[in-house]
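S.K.: Assemble chain B onto chain A, guided by the hints.
Number of protein chains: 2
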Amino acid sequence: MGEWVYIKDIAAYEGKQVTIKGWLYNSTDKGKVQFLLLRDGTGVVQGVVSRKDVSSQVFSDAQHLTQESSVIVTGQVRADKRAPGGYELLVNNLQTVQLTQDYPITPKEHGIAFLMENRHLWLRSSRQHAILRIRAEVVKAIRDWLDSHGFVNVDTPILTPSSCEDSTTLFGTDYFGEQAYLTQSGQLYNEATIGAFGKVYCFGPTFRAEKSKTRRHLTEFWMVEPEMAYVDLEGCMEVEEQFVSYIVQTVLQNRAVELEALDRDTSRLEKVVPPFPRITYDEAVELLNKKGLAFEWGNDFGAPHETVIGESFEKPVFIHHYPTAVKAFYMEEDPSRPEVCLSVDLLAAEGYGEIIGGGQRTASYELLERRIKEHNLPRQAYEWYLDLRRYGSVPHSGFGLGVERTVTWICRIHHIRETIAFPRMLDRIYP
Amino acid sequence: MGEWVYIKDIAAYEGKQVTIKGWLYNSTDKGKVQFLLLRDGTGVVQGVVSRKDVSSQVFSDAQHLTQESSVIVTGQVRADKRAPGGYELLVNNLQTVQLTQDYPITPKEHGIAFLMENRHLWLRSSRQHAILRIRAEVVKAIRDWLDSHGFVNVDTPILTPSSCEDSTTLFGTDYFGEQAYLTQSGQLYNEATIGAFGKVYCFGPTFRAEKSKTRRHLTEFWMVEPEMAYVDLEGCMEVEEQFVSYIVQTVLQNRAVELEALDRDTSRLEKVVPPFPRITYDEAVELLNKKGLAFEWGNDFGAPHETVIGESFEKPVFIHHYPTAVKAFYMEEDPSRPEVCLSVDLLAAEGYGEIIGGGQRTASYELLERRIKEHNLPRQAYEWYLDLRRYGSVPHSGFGLGVERTVTWICRIHHIRETIAFPRMLDRIYP
Chain A
344 MGEWVYIKDI
354 AAYEGKQVTI
364 KGWLYNSTDK
374 GKVQFLLLRD
384 GTGVVQGVVS
394 RKDVSSQVFS
404 DAQHLTQESS
414 VIVTGQVRAD
424 KRAPGGYELL
434 VNNLQTVQLT
444 QDYPITPKEH
454 GIAFLMENRH
464 LWLRSSRQHA
474 ILRIRAEVVK
484 AIRDWLDSHG
494 FVNVDTPILT
504 PSSCEDSTTL
514 FGTDYFGEQA
524 YLTQSGQLYN
534 EATIGAFGKV
544 YCFGPTFRAE
554 KSKTRRHLTE
564 FWMVEPEMAY
574 VDLEGCMEVE
584 EQFVSYIVQT
594 VLQNRAVELE
604 ALDRDTSRLE
614 KVVPPFPRIT
624 YDEAVELLNK
634 KGLAFEWGND
644 FGAPHETVIG
654 ESFEKPVFIH
664 HYPTAVKAFY
674 MEEDPSRPEV
684 CLSVDLLAAE
694 GYGEIIGGGQ
704 RTASYELLER
714 RIKEHNLPRQ
724 AYEWYLDLRR
734 YGSVPHSGFG
744 LGVERTVTWI
754 CRIHHIRETI
764 AFPRMLDRIY
774 P
Chain B
344 MGEWVYIKDI
354 AAYEGKQVTI
364 KGWLYNSTDK
374 GKVQFLLLRD
384 GTGVVQGVVS
394 RKDVSSQVFS
404 DAQHLTQESS
414 VIVTGQVRAD
424 KRAPGGYELL
434 VNNLQTVQLT
444 QDYPITPKEH
454 GIAFLMENRH
464 LWLRSSRQHA
474 ILRIRAEVVK
484 AIRDWLDSHG
494 FVNVDTPILT
504 PSSCEDSTTL
514 FGTDYFGEQA
524 YLTQSGQLYN
534 EATIGAFGKV
544 YCFGPTFRAE
554 KSKTRRHLTE
564 FWMVEPEMAY
574 VDLEGCMEVE
584 EQFVSYIVQT
594 VLQNRAVELE
604 ALDRDTSRLE
614 KVVPPFPRIT
624 YDEAVELLNK
634 KGLAFEWGND
644 FGAPHETVIG
654 ESFEKPVFIH
664 HYPTAVKAFY
674 MEEDPSRPEV
684 CLSVDLLAAE
694 GYGEIIGGGQ
704 RTASYELLER
714 RIKEHNLPRQ
724 AYEWYLDLRR
734 YGSVPHSGFG
744 LGVERTVTWI
754 CRIHHIRETI
764 AFPRMLDRIY
774 P
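Quick mapping for you: the protein sequence lines, in order, are chains A and B. Residues 344 to 774 (the numbering used here) are what the first sequence spells out, left to right. Residues 344 to 774 (the numbering used here) are what the second sequence spells out, left to right.
If you are wondering where the hints come from, they were derived from the structure by calculation, not from laboratory data. Cβ atoms here follow ideal geometry from the backbone N, Cα and C, with glycine treated the same way. Among these hints, one or two may not hold up.
[To be verified] Label-pair ranges, simulated between beta-carbon atoms: (1) B:R722 - A:D625: 58 to 68 Å; (2) B:S403 - A:E581: 32 to 42 Å; (3) A:F519 - B:R722: 27 to 37 Å; (4) A:H758 - B:R559: 38 to 48 Å.
[What the hints assert, rightly or not] No farther apart than 20 Å at their CA atoms in a straight line, the calculated lysine to any residue pairs in the SDA-like style are these: (5) A:K483 - B:T593; (6) B:K556 - A:F519; (7) B:K451 - B:T371; (8) A:K554 - B:F519; (9) B:K554 - A:Q522; (10) A:K351 - B:D490; (11) A:K554 - B:P504; (12) A:K556 - B:E521.
Isolated chain A, as found in the complex (with noise of 0.2 Å):
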């Protein structure tokens, strides 16, 4: 027996004797030789059992394994320039752990809702593989970036007993008694920890009770919100573009092989570095009528008009100073100009809509107030949050990047529900 490797280690191994464990991809019998395609979740090899080199047990086990069979197979690395990956494996023994009868996903074409109800398998095909192994270095780029340039990560509740954006998109449950709500954001907690760690971030999933069947939404998704002190709206969309660079540049260096497997052109992702250009919400209006799409000032963007300005650009593209009125009850006026705020979307290339929203708060007692009195939120469960102005408040800003349309536009694929292992839409719960 060899020593037990992984997949993505066997470069290491040539002409060694090695153990894969893991399951059968796909074969094919070519009569004398079986040529098992093996993955184990690191990497796919391809094991070549010659019924000259194995016992007649192994090879008719080898003749016989179907797809998804959990197998253990032994042999000698070997460098083949026409194998995937560059080596295969000279089997020599092979143990069935399970020989898997009717596997429901085969090679042929399957439906959406099939695959979406058989999610639990459908994570083992490779363009599946791909897309959340891309998901993964997303996540751990954010992290890093954000670890290493100061940022605290504070977890913020899930649970809380008010809401943050959209009073109309709430999961409730019973709280002993009392009503709470999944959270919407971190971010009002968020603007409590920079009080005592100046650059915080929580990292964590949200929840939207959104009863829109589109392929950009999904009721719970994972969302990273950074917040810092004394930052404004311009330092805000410094930090976002360095950010957002960081994550795209990552995943180009470390996930070639992934992006490939998904077709992915890459020339437009290697654009993506700082600066990034910024435009009014004012100019935006301009850009969408210069365009020939109707668009009344003090309207909010829709998917569509995402689309046509995000085209207009060949990087991601900031859109700050909107409507003070279609924005969330905490954003900063503009002092000079009350009816337009400090906020800042950023919008994906090609076309992929929003990625982040943010901008600067506000850091008045007065403004706050009568901001929370003229959104009817209940002020009670604002008074902590008041609390921020009453006791050294500063200028802060803050964004939320949602995670899975980010991984959308960096994998350039249609739908949304793709980019989580197992996603929750208006019709999906299950599995």
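M.R.: Leaving out everything else, chain B in the frame of chain A:
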């Protein structure tokens, strides 16, 4: 004006003019000199304001600065062995951003109920700052170790149609007309994703609607759950001891200042290196009886038992082979003795109780099916989970480590509520 720097970086600016943006932590009036203890979230530095060096306006502002006022201070960095941190700031300018009135948390003693009600402000105090800084280090160490040991981070859902651990402690929510629950563990989903990635981990919030009010329980807590294909109970323990040792040693190395702020005796933490002692459940029962605690074979350990067992060892201790009846339905039976299972808990040192639960999972379809029946679980909700034993089932193991319990132990503090920014407990969901 000097360059804006963070206090943690101040040593690199000796002799230079810098600007600090932060808050007044404390101050001392010595007549001709004001000593200002300034904090900016990254550290604390003493600002020295001499009447002879500054305008009378600046001196007067310094004199009237109140606790937790937000302030921007410019001055020259000077090495001074007597100063906290080894450096102080010779102030030449000062701008009050907000003059705080009546900050509620004064240096005097406050009751815990008051502090919890003002948790959003309490976080600014040095002890809370130290604990949460250590928490962030623990979180980073967890991810760094797993990412560098071949585990792929795959996020598992929070909203689930079925329960994993204990159906009596579920938070429910209405999911567009269907009943859904907040997750108690991502493990079942991890068992699916190992089929795609070999070794995985999920890391997120988990929920228990526990009616018990103890110093070890939160209703919302963070858990990291690694899961490994083709790994048995023994392999699982080897991973656990490497993992926990790395976390503890990393905190010792990177958070010495914070451990000192908590008066933590670090000699006990230094001993947390592999291997950890391993005892069976049978041996643990014997140990309890020998120590004079009446305990009958077949029961689960409570907090007092865990404390006694844990205190009998210098390092964290594994207890394996629990009675099958006290563990979850998915545990693998010991084939030679089915009344015990291949489970393992890890008890922290110093009597801090369980920090990890885990073990080898059932690989057999027939056994799992029987268990689902015996536990009266809704078969339909577990169809996908049964699929994992139909299609390429493999021996596999995994575990869950609770972040807050681990931080409680590492910090050696009394109550778990201080290890998370905004704790959720039976009687608390505000702020």
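S.K.: Flag every earlier hint the structure violates by its number, smallest first.
M.R.: Checked against the structure, no hint fails, so every one of them is satisfied.
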